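What follows is each chain in one-letter form.
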Amino acid sequence: MSLAAPSLSACPACVAAPSAEDIASRAAEQKDAGIVLSLPTAHCAVCISDVERTLSAVPGVRSARVNLTLKRVSVAAEPRVTPGMLIERLDGIGYPAHELDPGLLSVTETDKRSRDLLMRLGVAGFAMMNIMLLSIAVWSGAEATTRDMFHWISALIALPTIAFSGQPFFASAWTSLKARRLGMDVPISLALILASAISLFETIEGGHHAYFDAAVSLCFFLLAGRYLDYRSRAVARSAAEELAALEVPRAVRIEEDEEKTVTIAELAVGDLVRVRPGARMPVDGVVTEGASEIDRSLLTGETLPVYAGQGSVVSAGEVNLTGPLTVRVTAAGKDSSLHRMADLVAVAENARTKYTSLADRMARLYSPSVHILAFSSFAVWMYLTGDLRLAVNIAAAVLIITCPCALGLAVPAVVTAASGKLFRKGFLIKDGTALERLAEVDTVVFDKTGTLTMGEPEPLGLMRHAPADLELIAALAGASAHPLSRALAMKLAAEGVRPARLQDLREVPGSGVEGTWNGAKVRLGRAEWLGAAPGARTATWFARGAAAPVELPFADSPRPGADVAVRGLLSAGKRVILLSGDAEAPVAALAGTLGIPEWSAGVRPEDKAARVAALTGEGHRVLMVGDGLNDTAALAGAHVSISPATALDAARTASDIVLLGQDLAPLSDALRIAVAARRRIKENFALSLAYNVVAVPVALIGLATPLLAALAMSTSSITVSLNALRLK
Amino acid sequence: METLLYLIPVSLFLGGVGLVAFLWSLKHRQYEDLEGDANRILSDDWDKHPKP
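Residue numbers (the numbering used here), protein chains in the order written: chain B, 73 to 800; chain V, 155 to 206.
It cannot be assumed that every hint is accurate.
For lysine-lysine, the following DSBU-like pairs were computed, each having C-alpha atoms within a straight-line distance of at most 30 Å [claimed, not checked]:
| no. | chain 1 | residue 1 | chain 2 | residue 2 |
| --- | --- | --- | --- | --- |
| 1 | B | K646 | B | K754 |
| 2 | B | K493 | B | K184 |
| 3 | V | K202 | B | K184 |
| 4 | B | K493 | B | K563 |
| 5 | V | K205 | B | K184 |
| 6 | B | K646 | B | K800 |
| 7 | B | K493 | B | K250 |
| 8 | B | K800 | B | K754 |
| 9 | V | K181 | B | K493 |
Looking from chain B toward chain V, a few residues come up when the C-beta cut is under 8 Å (computed) [what the hints assert, rightly or not]:
| no. | residue |
| --- | --- |
| 10 | S121 |
| 11 | T141 |
| 12 | L189 |
| 13 | G194 |
| 14 | F198 |
| 15 | N202 |
| 16 | I208 |
| 17 | V378 |
These are calculated hints, taken from the structure and not from any lab test.
This one's a predicted model, so the numbers in the text were calculated from it and none came from an experiment.
Glycine included, C-beta positions come from ideal geometry on N, C-alpha and C.
Can you make the complete structure from the sequences, with help from the hints?
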């Protein structure tokens, strides 16, 4: 940096006084902006050092630290450093990045909970190992006083551990009891408390069997399952929610020759709002002044920019492309089209939350049967022998042996392994049951713009034109920020075309760019402006002097991997449908290129949702892949949904899985992993039930020993975890 | 048998040291980015001298 950093001291002389400068810099340090960026492609040691070195070299950045597990980088920087600058730098070295809302509060909150669980897990693990050590001595034949002493030491370790590490179970059991339900945690808590109480009683009485080891290892294995479950969900949830919102919550209101930035909630019908080029419409309204082109692709899926002049109707969410517009508000806040769309989403989401996961179904069966089993064994032994101590002992043994150690691990271990695999492929699972739902999918519905395509126009057959014309086009295109112009300029620069030198270069908002070259007028812009007949496809027109205008067509390039994904899905026997709001010609072309047999063009948002609902009604399980506001209702209504990270905030919120990278190719792989994961979960259930089938009768006839309980518990937990790791 | 009187406290103490070490590492956020740490040892950025 050649310029000296601006001094914070009041006068040049003050710089001499180190203390003043010191205080000021310390104050600046406190105001440091914490920037968090998502780095979907980071995966190795080189990535870490590349990113950290590049970011640290940016003036104003104090430190940058990559977290590879979360694929994020946190940057501490002076306020003048904006996330946009850093994203640009990273793009330059080949690492696409998205801004994340640091949302510090929520991050530390989930952080705290998972660290809390980990701490309880660590304490339980410590206690378990020590008690097992003592228990082995007892099992191998320690007698009388020695056995009693070992039991007492075990009690000293176990009781505080259960009281501390068991708290998550006790708390959740208490809440479900208060709500008059029998959750999974009620039998767990009962087993923990009963086992500790019985063992303490036996220790005092000098009995043979104490179940301290079983109680503590039960606690340890269950906490491990709980931690895995929490961790995988919290990581995904926080990352997905923090992807920065694209929506503008603010608008510029014109008040008696003065412009004022206000929140959208403050706007009323009849207000005048100024919308700058490149900004999103904050409200529904009518254009009163100015001319421009509008990109409505996020609302309707149309790729063709639409002309907007005085009297044109605009909707919230559309992007103003070229000229400044003044808009009279006709609907804001609750009545705006953006909000109506959000209402559709809410309705669709309510319908979906009724899904019960495999684990829930299992727990619903499991809890009552365990209670009945334990209670009836108590009753029968009480009736047969009349020995309270024996009956309670046997009931406790039944509870411990049936306790869902393996059940508690069965789902989280598989989900953790599967979501880790999917995360490395670029899929972020936001919802706990999304994986199971993904496994049931038989129909895949795609949106076009921004999902199967990149949503960025690419010039077609441009290099066919004469080199002299290309130089003129490059010069004209370079003068505008319109997406078509930018695409032209980028393509020509990449081809090595040097722009011609033009005079009087100016942009005519809503129409195009014009200039003078060797006394002749050259123009690049809309067909109507140049006096040509507009075609059906996305195109801009170029005219040189009085010559007839030439069409420069564009196509939206397919997303990398889209063809692989579609082919994979079709060969896996899935039904693939393309629903787009775009015109028929581009949709048909894309469906042809990718080989999608079923497609519809010009589909309105409500129709998309209705189509998904109709498919669901026919008994299909629909996976919806979409990015726009026009897809949101369909995303929320589908059985499971995926949206790319570039999607509109509302779309990402409505979907269960976010695609972090650009590549769509792993999609069919993701479906395969989901199916495999579901199979593993079912196998795990079968495994843990098999252990119960063997061990429960032994406990019921009163032959269970602490050794047997410990063996059954650890082998079943380990088998289940190993089975989860088999996931390929 | 008297050795038990020494050995049990010793084993408990050693286990306790391990537990304290675990709690310390937890408090100092050593488990935030396991994958990153595994990869960082391969980087030769600070091989000559430690990061200042």
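Structure-based check of all given hints:
1. Among the hinted pairs, K646 (chain B) with K754 (chain B) is consistent with the structure: their alpha-carbon atoms are about 23 Å apart, no more than 30 Å.
2. Proximity of K493 (chain B) to K184 (chain B) is assessed by CA-CA distance (about 25 Å); at most 30 Å being required, the pair is judged to hold.
3. Pair hint K202 (chain V) plus K184 (chain B) does not hold up; C-alpha atoms about 36 Å apart against a cutoff of 30 Å.
4. Between K493 (chain B) and K563 (chain B), the direct Cα distance comes to roughly 36 Å. Violation of the 30 Å bound is thereby established for this hinted pair.
5. Pair hint K205 (chain V) plus K184 (chain B) holds up; C-alpha atoms about 29 Å apart against a cutoff of 30 Å.
6. Of the supplied pair hints, the one linking K646 (chain B) and K800 (chain B) holds, its CA atoms being roughly 21 Å apart against a limit of 30 Å.
7. For the hint pairing K493 (chain B) with K250 (chain B), the CA-to-CA distance comes to about 39 Å; that exceeds 30 Å, so the pair is violated.
8. For the hint linking K800 (chain B) to K754 (chain B), the alpha-carbon distance of about 16 Å falls within 30 Å, and the restraint holds.
9. Among the hinted pairs, K181 (chain V) with K493 (chain B) is consistent with the structure: their alpha-carbon atoms are about 28 Å apart, no more than 30 Å.
10. Hint on S121 (chain B) holds. Least Cβ distance to chain V is approximately 5 Å, under the 8 Å limit.
11. Annotation: interface hint on T141 (chain B) holds; nearest CB of chain V at approximately 5 Å, less than 8 Å.
12. At about 11 Å, the closest approach between the beta carbon of L189 (chain B) and any beta carbon in chain V exceeds 8 Å, and the interface hint on this residue is violated.
13. Given the 8 Å rule on beta carbons, the hint for G194 (chain B) holds: about 5 Å separates it from the nearest Cβ of chain V.
14. Given the 8 Å rule on beta carbons, the hint for F198 (chain B) holds: about 4 Å separates it from the nearest Cβ of chain V.
15. Below 8 Å, beta-carbon pairs count as interface contacts, and N202 (chain B) has one with chain V at about 5 Å; its hint therefore holds.
16. Given hint, I208 (chain B) at the interface with chain V, is violated; its Cβ is 12 Å from that chain's nearest Cβ, farther than 8 Å.
17. The restraint placing V378 (chain B) at the interface with chain V is violated, with a minimum CB-CB distance near 46 Å, outside the 8 Å limit.
Checked against the numbered hints above, the structure breaks hints 3, 4, 7, 12, 16 and 17 and satisfies the rest.
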